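Just so you know, the sequences run in chain order A and B.
In case it helps, this note's numbering puts the first sequence at residues 1 to 156.
In case it helps, this note's numbering puts the second sequence at residues 1 to 549.
Treat the hints as calculated values from the structure; they're not laboratory data.
One should not assume that every hint holds.
For lysine-lysine, the following BS3-like pairs were computed, each having C-alpha atoms within a straight-line distance of at most 25 Å [unchecked claim]: (1) B:Lys527 with B:Lys543; (2) B:Lys90 with B:Lys62; (3) A:Lys139 with B:Lys528; (4) B:Lys95 with B:Lys391; (5) A:Lys134 with B:Lys78; (6) A:Lys58 with B:Lys475; (7) B:Lys95 with B:Lys85; (8) A:Lys139 with B:Lys62; (9) A:Lys58 with B:Lys78; (10) B:Lys391 with B:Lys528; (11) B:Lys71 with B:Lys154; (12) B:Lys528 with B:Lys393; (13) A:Lys89 with A:Lys23; (14) B:Lys246 with B:Lys397; (15) A:Lys23 with A:Lys80; (16) B:Lys161 with B:Lys254; (17) B:Lys475 with A:Lys139; (18) A:Lys134 with A:Lys58.
The structure presented is a predicted model; accordingly, all values stated were derived computationally and were not measured.
As a plain string of letters, each chain reads:
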Amino acid sequence: MKSAWGQLILKNREVILDRWIEKGAALFSEKMGRTTPIGERLSESLAIVLDGIEENSKSFMDAVNQISRLLAVQPLPPSKALSLFFELKTILHETVSKGYNRDALKQVDWDACHNRIEEIVLSAFDCYMTNREKIYQLKVEESQRQSFMLLRRVQA
Amino acid sequence: MSKYTPKSSELKKEFEEKPTILKGDYLDKEWWDIPVEFRDGNWCFPAKPEVVENLGFPNPRKWTATDSDWKLPVGWEKTISEGLKSRLKKYRSLKLFLDSCVRCGACADKCHFFLGTGDPKNMPVVRAELLRSVYRHDFPLVEKILTGFSGSRKLSAEIIKEWHMYFNQCTECRRCSVFCPFGIDTAEITMLARELLNLIGVNNNWILEPVSNCNRTGNHLGIEPHTFVQNIESLAEDIEDLTGVKVEPTFNRKGAEVLFITPSGDVFGDPGVYTMMGYLLLFHHIGLDYTISTYASEGGNFGMFTSNDMMKKLNAKMYHEAKRLGVKWILGGECGHMWRVVHQYMDTMNGPADFLEMPVSPITGTRFTNAASTKMVHIAEFTADLIYHKKLKLDPKRNDHLRTTFHDSCNIARGMGMFDEPRYVLQQVCNTFHEMPDNTIREQTFCCGSGSGLNTEEYMEIRMRGGLPRANAVKHVKEKHQVNSLVTICAIDRASLPTLMNYWVPGVSVYGLHELVGNALVMQGEKKRTEDLRENPMAGFTKGDDDEE
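This is chain A alone, in the form it adopts within the complex (with noise of 0.2 Å):
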């Protein structure tokens, strides 16, 4: 992590971490446990996400698309399931609060991280409308395959 405030997450990782997927875990209608095969996906990603904030790397965007997908299929609305990424900013400034050096980060630093985020914000809500839209596809493809002899016939 080369900014101030990759620095701070480098150093409180394991806390933020734990808190980020607890906030992801309390998205769905009942707690969702750690151990399900939503709550791996979920906290694997997340914490991929966490460790390679500062870039946009393919494994970094592999993770936020993973969230984007295992969210885009809930029953949540779209600004619920997506202000899992929101949640970080409050994290973060919890974690200043709770005893790392408040000094240790400017106001600069705070707009750096708080665009950094926000540009994920974005970038997974095109992922979560891609993961949407793909569903819609799935529909149709599904049921092209499902008459795949009456086209075959039509198209001949």
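Fit chain B to the supplied structure of chain A, relying on the hints for placement.
For chain B alone, coordinates are given in the frame of chain A:
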């Protein structure tokens, strides 16, 4: 005492820390206080009125699950109550399952819908409790007296809505039953609950329309006999184009030795049609004396998801046709629930099929004594027997473009206990095979999330959530072993798993077992093969190479 028995301190810790339906996250609410909310993606379209009328089922009407008034028939409470009472008398298993559960929760985290949704009413114990609570209100005298203390509740329209939602979030896969210390078959509770709901017109079009089609034309898709023949002949032409071999299936031929019955998806849908091509190649390869019926043109039985009587009627059609054609025995294709019906219910519903003969392979002489009563043999064991006796000329290199894993279809695995035959066949027809993790295969296999008539597009979100545990296991072998092919022996799997894979594990394609058999078969008089049955190039078989050794 076993050294593995947990210490009391460990049990206490687990009790205090592990969430259960009675405490933890649900501490402030009883499970029945959690409201049922129908929203897009979590309910199936109800049956069209004409479909209900065609079947002679009650209460045909237009309605949707999001309506506040479901237009239930006058006296529906009595219909349900008497329906339950008569079924308790008729099916001792139902009474046993309702009475014997001690709510230990061993089943709770075994259900793919619970794992994929986190909804406590998807724990099999609670799903069954939806019916059990009503049963307790009306039936065992002691519990009737103790109303309010025994978790009983009076039947209401809200409960009907709850039943409709959660008994349609069970694919009758029976994974929970594997872990139940009492052997309670929650799938049968779901089957009976759906049967009760059908009594008052609470239904699912994706189930009842195939039932109605099958009742009329002999198959779920409603394919008329002439189209059924044309489709298969069209696939035979494809085979000739690809291999140079002319296969000649016969239809409704009296006096054939074997009647072959497979799900209608295999003659209509992608990728089922490629599995059908594999069957046709195999039968030609061994010179089997077989015929295909255009009337008993469906192996599947959506009656199983509707009512016992309808399941019996649709099953009987296959045997009537076998009798009419005068065949010796029936060979069944790659289907899931067809095999649960045949293996577990046929014998007491329509059997024993004494007018047929004990199935004997005309090629190897093997007597299939396991099918002595039903007279119906699964094609995986038929083919495994052929391979075991070295009756097939196979070149597994022709499947080298596929790195495979095997998905045990729930009804084949848990419904009839067949695990090894399909694996044996698969490993003889291709060179690369990797198992998914132990707790996701064989009797512990995870469902595709779309079985029991839930493979409908409007239910896509629930299906994706319910199928996540299966997809996770495939993802594991894809990342670890570069698996790119998921092989299965169920028509619903072949229809639904491509969608599941496309969403959760892109890059993995779905195949029927006999499609791979068809790829690997070295046919007499064939032309040089460079493409598989999907017309995809086979690795190492470029045009100009000689693949004949």
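For a quick check of understanding: which of the numbered hints are violated here, in increasing order?
2, 3, 4, 5, 9 and 16
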